[in-house]
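Heads up: the protein sequence lines correspond to chains X and U, in order.
Counted from 1, the first sequence has number 386 at position 386 by the working numbering; the numbering is strictly sequential.
Converting from the second sequence to the working numbering requires adding 457 to each position, the first position being numbered 1.
Hints listed in this document are in silico derivations from the structure and should not be mistaken for laboratory results.
Please read all numbers here as calculations on a predicted model, not as lab measurements.
Heads up, some of the hints might be wrong.
Distance ranges between label pairs, derived from CB positions [to be verified]:
hint : chain 1 : residue 1 : chain 2 : residue 2 : range
1    : U       : ARG572    : X       : MET312    : 17 to 25 angstroms
2    : X       : GLU174    : U       : ASN599    : 56 to 64 angstroms
3    : U       : THR600    : X       : GLU174    : 52 to 60 angstroms
4    : U       : ASN642    : X       : THR355    : 45 to 53 angstroms
Even glycine gets a Cβ: it sits at the ideal position worked out from N, Cα and C.
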Amino acid sequence: MLTRQDVLSTIRMVREENLDVRAVTLGINLNVCANPDPDRLAKAVHDRIVEKAGQLVRYCDEVSDKYGLPIVNKRIAVSPVSLLLEGHTPATAVKVCQALDSAAEKVHIDLLGGFSALVQKGITPGERTLIASLPDALRTTHRVCASFNVGTTKAGINVDAVNMISRQIIKTSEMTRSSRGFGCAKIVVFANQPEDNPFMAGAMLGPGEPECVINVGVSGPGVVKRAVDRMTRLDPDVTLDELAEEIKHTAFRVTRTGELIGREVATRLDIPFGVVDLSLAPTPRVGDSVGEIYQSMGIRNIGAPGTTAAVMLLNDAVKKGGSFASSSVGGLSGAFIPVMEDHALSKAVTDGMLTLEKLEAMTAVCSVGLDMILLPGDTTAETIAGIILDESAIGITSRKTTGVRVIPVPDSQTGDFVDFGGLFGSGVVTSPACPIGAEDFIRRGGHIPAPLHSLMN
Amino acid sequence: MVRFIVSILVPDRTGLLRDVTGVIYALGGNIGQIRQTVVNGYFHLIFTAEMQNSNTPDTVRGKLKNALPNAEVVVQNCPELRDPVIPTGAKFVVMTRGEDRPGTIHGITTFLSDRAINIEDWMVEEDAGQVVYIAQVTVPENTDFRKLQSEFRAEMSKRNLTAIFCHENIFRATTEIGPIRALLNYSAADNY
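Whole structure, please, built from the sequences with the hints as guidance.
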């Protein structure tokens, strides 16, 4: 028999604190679909996804009803599509991307990740093909997300790849001009990209993963925010270590919930369970914001000195609680700071309190990087490449994942308001304090060597 | 040996359990299962006790009444039940929340009873002027959880109640520290 306290504390999380499971993501390896014939390749990709993911939404809904908990997003991550494109043209890559889009629609999935290439050390013809196809591929699809890994702690940074992808980000923005460059919201450039991340837009199924697997993203930041609020209400003078302890306890419980749901869905699909990603992923909804957690902790103006320390405290406490809760922790696991998707962060940028430079500092201790940031329409490829290089440098030096998802908005200027709607949110266009001046460095291309601490053996 | 089941209802005070167990001990009895609860200042105790055959329900009741003059005491013979009355199935927690109105508990229990769902425990909480009913229940095997969840929410919404069914594993997962896999294996072994 459950105790009264067991029941009441969990019921409170479900009823008042919006406990949910943020993402159940089915990973599917597509390598078996390789085919020299473009039409057969595209059909094989489509059919495999429909076969493997046909019951995903149904099973998620059943498990959701059994536990009385919402599963907010059901998604698919496929193995890097570039692996299927050796010997093919960009036109074939676009065709495959459309097949992915069509399959996702058929199985009622809103986003599918894995139109990806791992180019941290070099670029194969197939990877070059995928990068070349990017603007057309994202212009003609709705559900497909692209990601690239341009650096690792072991390999250093592939600057040629960074330059190539940055130019394609500018082209994608232009080709999706009618939606204010929205295509770029579906492109992430990583350093140390995890192979088991369930969150979009950076989800893909890495080469070392099983044929099919379920990875889960835990509940959103609302649960943690309410836990912090409860603590500060009970004791306005609560100390930071006490807050960290409370966040740890909350992270433990949401992680356990995520693993329970993920394992049950995996069992029904008869595939292995992979990992729980501890990341707190906000949405534009009030009460579902990572920025609000910082505010509840006492950072009245997000961006003020002390903000980076608050990010570190939150990220660390979430990881400690989650890692005790489960032996299957993976993915990105920390706190996201996607500006447009988080109303408190977005407002801080709008109010001029949170700058790109401060965000970059925060990415040194958060779980990902510069995420969902609107840039002016005249932003150059070199500026974007510089942003990616800086973030990658932080990632490979700190042995952590960093990512860049920026959207150059055609014809926009700093301060313009842009609304993508839905989960992608809204915000104002912002710009680096000094956007130009590093072009000569960036155009040299080549490769930034791996840091000394990559030599671990 | 003979076994009795005893129920005692009395205004709560310190030392009640000592007084009751003192009577049973003096009669040479051995208490088996026991459960107590307090509602609105009234103490209720229910327990089983094995005693020598010379004892009868009336003698036990008389001794308890002597020790607790203002108590309502019921004592019955309690033979072992051959067939379990409690159905097997999946363990769920049911929660409703809303204004305190006459007939609410009857509405909830009627819904559960109509679907052969057995209530194992029931608790009440007050929160911000609203009443929260929480029941631990056993849902028969092969029940369609999706249908049950939606029907329950729809039925309770007619009474202006928010309502939810949650499988007990969610509570165990969030309060225990063992592997989740073991939790699911345990459920599977019991056909949950």
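Could you work out which earlier hints the structure fails to respect and list their numbers in ascending sequence? 1
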